[in-house]
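All chains should be built: construct the whole structure from the sequences, respecting the hints.
This is what each chain is made of:
2 protein chains.
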Amino acid sequence: MVKPTRSSDASSEQRTEFISCSAVAHSSTANLGPGFDVFGLGLDAFEDTVTITRGKKIEDSVPHVNLTLSGDDIETISPNASENTAGLVVRRMSYDLNLNGKTNWALDLHISKKIPTGYGMGSSAASAAAAALAFDGLFNLQLSKNRLIKYAAEGEIASAGTIHYDNVSGSMLGGFVIVRSAPEIDFVRLDVPNDLFLAIAVPVMNVPLKKTAVARSVLPKTVFLDDVIQNISNASTVVAGFALKDTKMIAKGINDLIVEPSRKHLIPGYELVRRNALNEGALAVTISGAGPSMISVLDDEKAASRVANSMAEGFLEAGVKKTKAIVCRPSEGARIVDVSN
Amino acid sequence: MVKPTRSSDASSEQRTEFISCSAVAHSSTANLGPGFDVFGLGLDAFEDTVTITRGKKIEDSVPHVNLTLSGDDIETISPNASENTAGLVVRRMSYDLNLNGKTNWALDLHISKKIPTGYGMGSSAASAAAAALAFDGLFNLQLSKNRLIKYAAEGEIASAGTIHYDNVSGSMLGGFVIVRSAPEIDFVRLDVPNDLFLAIAVPVMNVPLKKTAVARSVLPKTVFLDDVIQNISNASTVVAGFALKDTKMIAKGINDLIVEPSRKHLIPGYELVRRNALNEGALAVTISGAGPSMISVLDDEKAASRVANSMAEGFLEAGVKKTKAIVCRPSEGARIVDVSN
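Protein sequences appear in the order of chains A and B.
Under this note's numbering, think of the first position of the first sequence as 17, with each following residue one higher.
Under this note's numbering, think of the first position of the second sequence as 17, with each following residue one higher.
Simulated from the structure, these hints should not be mistaken for lab results.
Quick caveat: nothing in here was measured; it's all calculated off a predicted structure.
Each residue gets a CB set at the ideal place from its N, CA and C atoms; glycine is no exception.
Incorrect hints may have been included.
Said to hold, decoys possible - Simulated restraints on C-beta separations:
(1) A:200 to B:113: 50 to 58 Å
(2) B:222 to A:210: 53 to 61 Å
(3) A:235 to B:220: 42 to 50 Å
(4) B:235 to A:210: 35 to 43 Å
(5) B:78 to A:234: 52 to 60 Å
(6) B:280 to A:278: 27 to 35 Å
What the hints assert, rightly or not - Chain A side only, calculated, beta carbon under 8 Å to chain B, not exhaustive:
(7) 53
(8) 54
(9) 194
(10) 196
(11) 203
(12) 238
(13) 246
(14) 248
(15) 251
(16) 274
Said to hold, decoys possible - Taking lysine-lysine and the DSSO-like style, the derived pairs with C-alpha atoms no more than 30 Å apart in a straight line are:
(17) A:72 to A:166
(18) A:72 to A:161
(19) B:280 to A:237
(20) B:264 to A:261
(21) B:280 to A:261
(22) A:130 to A:340
Structure, rendered in structure tokens:
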């Protein structure tokens with residue numbers, strides 16, 4: 017593994033050898049109850065690895081990105097770079113950084129996909145985050161994490177239809193992240209309690225291709241002030257819980273009066289999953305991102321395992337044929353795992 | 017100063033000597049921008065002292081509370097115990113705790129008032145908090161702080177028309193407080209940064225008697241989801257700032273898209289005060305509670321003094337005849353200062 021130095025345009029011209037860079041980014045959950053579009057949490061349940069390899073020089077101002085995929089469950093992912101979250105990131109970064117004037121490198125982009133796609137586990141966001149970091153590493157750009165998150169979030173357009181930062185920031189930075197959108201995009205990252213365990217049930221079912229767009233279409237345009245007050249109180253409690261490393265306090269704040277009530281009907285077995293989780297001792301239960309995965313908070317690993325199984329049972333009772341039960345912890349941030357020259 | 021022990025009903029019957037208890041509670045600010053009805057912050061700018069003195073036994077199930085007041089600016093405060101925030105607290109605690117069966121003590125309640133009344137400085141809340149604590153001390157009830165805050169909040173009905181907990185919890189607990197209202201009333205208290213200074217301007221003007229009710233009547237019933245998302249992000253940033261003891265982060269979060277836009281027209285000179293404060297280096301400016309006082313956040317005492325004066329100038333420019341400029345720090349919680357037997 018060689019750490020490349022920043023190549024000037026001139027030296028890039030002279031460079032003939034391949035350079036490749038691989039980066040890993042974890043799954044994530046968004047919202048955590050009251051923090052719709054604001055809270056992200058990296059999760060070590062799954063990870064995607066993105067490798068970008070520099071090919072030939074091409075006399076064309078348009079980036080050439082050749083996308084390949086490996087892993088389970090990739091048939092729903094577009095192999096067209098301009099329709100793929102990681103592909104969009106790489107194309108956009110190539111354009112913006114104008115790496116080589118009117119000349120571009122042909123880039124091979126490979127995604128080794130382990131995060132289930134379309135279940136609210138931040139799959140597209142992780143590919144986007146890993147792609148942004150790998151591109152940065154490949155050309156040794158040393159962009160700030162904030163800038164990389166912005167690129168990754170633009171890639172999310174391919175899957176969600178709108179830019180959103182909660183999953184990408186959780187995936188890129190790891191730990192718990194508060195997304196700030198005004199006056200400029202910014203992030204507050206907090207460490208997590210050592211006893212925070214997440215129990216997740218992922219129902220294996222046909223998820224609509226534009227699932228996030230559907231999940232957004234059911235949201236209310238306006239909200240009662242009384243519900244806003246309660247959501248602000250709950251979100252504040254979640255943040256205080258992370259800051260004080262108090263898992264029970266985090267759980268106390270996980271109650272959403274705005275988004276979850278309007279989305280729960282989209283999830284088969286929502287009530288059963290929730291009831292089972294609480295019966296088995298979950299401290300809090302909510303939808304993971306736009307769903308349909310459900311996520312519970314616990315402060316004990318064994319209890320988390322029981323809860324994950326009970327949640328999976330809930331989906332089965334509701335007629336879902338197959339469900340994955342997962343216990344995980346918050347993750348570290350995305351990282352470069354290989355650079356070769 | 018004698019610390020009394022819990023008197024049983026029997027021993028109370030035999031007790032003939034006077035017992036009095038004095039408690040002090042500080043001023044406070046509510047909302048801090050995005051945390052309407054959720055955030056309270058105790059402020060050492062002013063304090064009220066409440067002394068309750070036990071008189072004769074009376075054969076009547078109705079408490080007899082004789083209220084007296086001293087201090088500046090007390091002409092707007094009702095001397096009728098059932099219309100006064102501290103009086104209501106003492107009457108309610110007497111009833112609820114049924115201290116002496118069908119017999120009651122005549123109680124003298126004295127409020128030494130130093131907090132300006134009706135300006136969004138938590139004046140009524142401080143009297144209520146001090147009264148609850150003094151009553152608890154007088155009869156050595158050893159009620160939990162949560163219970164005392166609930167009593168104090170009920171007293172707030174006299175001034176605000178509705179129960180609200182932000183000022184009383186800030187005044188009772190000191191520091192920064194998150195009010196939780198579901199599934200039950202509860203409070204999360206955080207310590208404050210050592211470099212947090214508040215610059216406040218209190219415009220001396222005719223404040224309507226039911227000022228808080230007026231300030232609540234202008235609030236929107238429903239809120240756009242996009243504004244909710246931003247307020248939740250800002251409130252989360254304020255909480256993270258307190259938890260991380262980062263004054264600049266607190267200030268970054270003090271921006272309210274919901275309540276402040278609909279209230280600012282009630283405050284003469286709002287724009288001038290805000291502009292002056294920011295020009296002098298305030299990190300953030302907002303309305304203190306329901307106003308009309310305005311409050312700025314700073315991380316430097318000298319700058320805070322300049323900002324407070326510039327804010328007072330803003331009110332004067334807007335035609336307010338007299339304005340108090342104050343620099344203060346977050347306060348400690350309410351405390352008993354004297355118990356005599």
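Status of the hints after comparison with the structure:
1. Distance hint check for residue 200 of chain A and residue 113 of chain B: the Cβ-Cβ separation is about 54 Å, which falls inside the suggested range of 50 to 58 Å.
2. Remark: the range hint 53 to 61 Å for residue 222 of chain B to residue 210 of chain A is upheld by a beta-carbon distance near 56 Å.
3. At roughly 46 Å, the beta-carbon separation of residue 235 of chain A and residue 220 of chain B lies within the given 42 to 50 Å, and the hint holds.
4. Checked against the hint of 35 to 43 Å, the C-beta distance between residue 235 of chain B and residue 210 of chain A comes to roughly 42 Å, which is consistent with it.
5. Taken as a hint, the range 52 to 60 Å holds for the pair residue 78 of chain B and residue 234 of chain A, whose Cβ atoms sit roughly 55 Å apart.
6. Distance hint check: the CB atoms of residue 280 of chain B and residue 278 of chain A are about 31 Å apart, consistent with the given range 27 to 35 Å.
7. For the restraint placing residue 53 of chain A at the interface with chain B, the shortest Cβ-Cβ distance is roughly 5 Å, inside the 8 Å limit, so the hint holds.
8. The beta carbon of residue 54 of chain A is positioned within 8 Å of a beta carbon in chain B (closest approach about 5 Å), and the interface hint is therefore held.
9. Hint status for residue 194 of chain A: holds, given a least beta-carbon distance of 5 Å to chain B, under 8 Å.
10. Nearest Cβ of chain B to the Cβ of residue 196 of chain A: about 5 Å, under the 8 Å cut. The hint holds.
11. Because the beta carbon of residue 203 of chain A sits about 10 Å from the nearest beta carbon in chain B, more than 8 Å, this interface hint is broken.
12. Taken as an interface hint, residue 238 of chain A checks out: its beta carbon lies about 4 Å from the nearest beta carbon of chain B, inside 8 Å.
13. Given the 8 Å rule on beta carbons, the hint for residue 246 of chain A holds: about 6 Å separates it from the nearest Cβ of chain B.
14. A hinted interface residue such as residue 248 of chain A counts as satisfied when its beta carbon comes closer than 8 Å to some beta carbon of chain B; here the least separation is about 5 Å, so the hint holds.
15. The interface hint given for residue 251 of chain A is met, as the beta carbon of that residue sits about 5 Å from the closest beta carbon of chain B, less than 8 Å.
16. Of the supplied interface hints, the one on residue 274 of chain A holds, with its beta-carbon coming within about 7 Å of a beta-carbon of chain B, less than 8 Å.
17. For the given pair, residue 72 of chain A sits about 28 Å from residue 166 of chain A by alpha-carbon distance, which is consistent with the 30 Å threshold.
18. The straight-line distance between the Cα atoms of residue 72 of chain A and residue 161 of chain A is roughly 29 Å, inside the 30 Å bound, and the hint therefore holds.
19. Restraint check for residue 280 of chain B and residue 237 of chain A: the C-alpha separation of about 24 Å stays at or below 30 Å, so the hint holds.
20. With a C-alpha separation of about 22 Å, the suggested pair residue 264 of chain B and residue 261 of chain A falls inside the 30 Å cut-off, and the hint holds.
21. Proximity of residue 280 of chain B to residue 261 of chain A is assessed by CA-CA distance (about 37 Å); at most 30 Å being required, the pair is judged violated.
22. Taking the CA atoms of residue 130 of chain A and residue 340 of chain A, the gap is near 13 Å; set against the 30 Å cutoff, the hint holds.
This entry does not satisfy hints 11, 21, going by the numbered hints stated previously.
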